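Using the hints, position chain B against chain A.
So the chains spell out like this:
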Amino acid sequence: MALLKQSYLMLSKDLRLELRRRDSLLTMFSFGTLLLFVFHFSLDLAPDKIAEVAPALLWLAFLFTGTLGLAQLFQPERENHCLDALLLSPLDRGALFLAKSCLNFLLMIAVELVVIPLFWILFNLSNWNLLPQLFLVTFLGTLGFCVLGTVMSALTLKARARELLLPLVLFPLMIPVLLSAVRCMEAILKTGTWDDALHWIRLLLAFDVIFLTLGVLLFDWVIEG
Amino acid sequence: MTPATPLKRRKGILGALAAMALTLALFWSLAVAPPDAFQGEVQRIMYLHLPSILTAYLSYFLVFVGSAMYLWKRERRDDLLAHAAAELGVLFTALTIIEGAIWGKPTWGVWWTWDARLTLTAILLLIYTGYLMLRSLIDDEQRAATAAAILGIIGFFDIPLIHMSVYWWRTLHQPPSILRPDKAPWENVHPAMLTALAISFVAFLLLYFYLLSLRYRVGEMRQEISALKLARGA
Numbered sequence: 001m002a003l004l005k006q007s008y009l010m011l012s013k014d015l016r017l018e019l020r021r022r023d024s025l026l027t028m029f030s031f032g033t034l035l036l037f038v039f040h041f042s043l044d045l046a047p048d049k050i051a052e053v054a055p056a057l058l059w060l061a062f063l064f065t066g067t068l069g070l071a072q073l074f075q076p077e078r079e080n081h082c083l084d085a086l087l088l089s090p091l092d093r094g095a096l097f098l099a100k101s102c103l104n105f106l107l108m109i110a111v112e113l114v115v116i117p118l119f120w121i122l123f124n125l126s127n128w129n130l131l132p133q134l135f136l137v138t139f140l141g142t143l144g145f146c147v148l149g150t151v152m153s154a155l156t157l158k159a160r161a162r163e164l165l166l167p168l169v170l171f172p173l174m175i176p177v178l179l180s181a182v183r184c185m186e187a188i189l190k191t192g193t194w195d196d197a198l199h200w201i202r203l204l205l206a207f208d209v210i211f212l213t214l215g216v217l218l219f220d221w222v223i224e225g
Numbered sequence: 001m002t003p004a005t006p007l008k009r010r011k012g013i014l015g016a017l018a019a020m021a022l023t024l025a026l027f028w029s030l031a032v033a034p035p036d037a038f039q040g041e042v043q044r045i046m047y048l049h050l051p052s053i054l055t056a057y058l059s060y061f062l063v064f065v066g067s068a069m070y071l072w073k074r075e076r077r078d079d080l081l082a083h084a085a086a087e088l089g090v091l092f093t094a095l096t097i098i099e100g101a102i103w104g105k106p107t108w109g110v111w112w113t114w115d116a117r118l119t120l121t122a123i124l125l126l127i128y129t130g131y132l133m134l135r136s137l138i139d140d141e142q143r144a145a146t147a148a149a150i151l152g153i154i155g156f157f158d159i160p161l162i163h164m165s166v167y168w169w170r171t172l173h174q175p176p177s178i179l180r181p182d183k184a185p186w187e188n189v190h191p192a193m194l195t196a197l198a199i200s201f202v203a204f205l206l207l208y209f210y211l212l213s214l215r216y217r218v219g220e221m222r223q224e225i226s227a228l229k230l231a232r233g234a
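Listed in order, the protein sequences are those of chains A and B. Just so we're aligned, residue 1 is where the first sequence starts under this note's numbering, counting upward by one. Just so we're aligned, residue 1 is where the second sequence starts under this note's numbering, counting upward by one.
Among the hints, a few may not be true.
Simulated restraints, written as ranges between beta carbons of each label pair [said to hold, decoys possible]:
no., chain 1, residue 1, chain 2, residue 2, range
1, B, Leu194, A, Pro47, 51 to 61 Å
2, A, Ala206, B, Ile98, 32 to 42 Å
3, A, His40, B, Lys229, 30 to 40 Å
Because the hints were derived from the structure by calculation, they are not lab data. These figures come from a predicted structure and were not determined experimentally. Beta carbons: idealized from backbone N, C-alpha and C, even for Gly.
Chain A with its partners taken away, still in its complex shape (with noise of 0.2 Å):
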């Protein structure tokens, strides 16, 4: 399978780079931290009803601290013509699209397997118990987010005003990933069963799916332009 052997050659790469520097690890960690400072200065809710919100504060969170990600996703590229460098390699244009949205989804998930329980202290949640399952649900979540967000990080990448037009256009097509992710959690928070929940991961599953593929196919004319 060589898309994969070369998605993991990228991956690899690009995980050493980062783990080196950690620029994109600290900021991301630092900036979702932050969030939830700035949730407990603007919402002064009693802890019962936090937990109701609770989902809702965590995915804002999360797609903020996304969009940062995604907009430092291609920075190692655009220096030094990088970019035009490894277009000119045989590098299979998916393989460079599996790659960055894995990055994306691994950076992610560092940072929510932190801001979660995080979350769950600062605002005093005593349900500790169902963090494996939303952990679950954000993982699916964040996987949607990365496929389309690595799509549009990339299509935005020679534009002007790039860090302002990236949320504009990935945002609303965010939608059904914040409104799946969002309900399912509160249904899991409410009854602490999957049962209201499963639709809900379908649709999910779906998202995840068709972009994935839409990803992997449509990454040549993306990149290239």
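Relative to the frame of chain A, chain B by itself:
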């Protein structure tokens, strides 16, 4: 190159037809069709509102077709079509929302509500406004065209998903009275109303294709200007 005279005349005929059809639609909607049993005269906005949104859907479909064809064949005219259709789509969606608000205030009591269909229409407006912004913020013409084409295709695939997610979440909008699954359209609605709606829809289609041809021509002219500038600069 200026368009050949036959083309100008064709556009002119289309425009004249559109104008006549709109006048007929206006007359039929306001004078011939009876007022609604419950809503009274306010209901007549429907003769604008429904054709507006259906024209917008047609427009978005054309954006998808243009985008896909452009990526496949790389012919300028598909890109021009997609761009023109996107602009008109945004226009007609905005009109639909405004008309809906005007209709909603006396009937529902509010200018806006987050009911499924309204939310979906607003999302469509956002997506295609983003499309237009993407185009205008990328300087390289070919890159802009490709990027917009990708967005057009992705948007098209996302819309059913958005539709499902929003519908599962909310519903308040009147269930469709024309296209109900259990009754035939003519059993539900007064025939004169159906006729008014049909005439209105045809009128809007004519208007839409007239505007589309004009906007397409503007796009062609813009390209001619860039080509001339490039040639002059060399």
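Quick rundown of the hints versus the structure:
Restraint check, leucine 194 of chain B to proline 47 of chain A: a C-beta distance of roughly 57 Å satisfies the suggested window 51 to 61 Å. Evaluation of the 32 to 42 Å hint for alanine 206 of chain A and isoleucine 98 of chain B yields a pass: the beta carbon distance comes to about 33 Å. Checked against the hint of 30 to 40 Å, the C-beta distance between histidine 40 of chain A and lysine 229 of chain B comes to roughly 55 Å, which is inconsistent with it.
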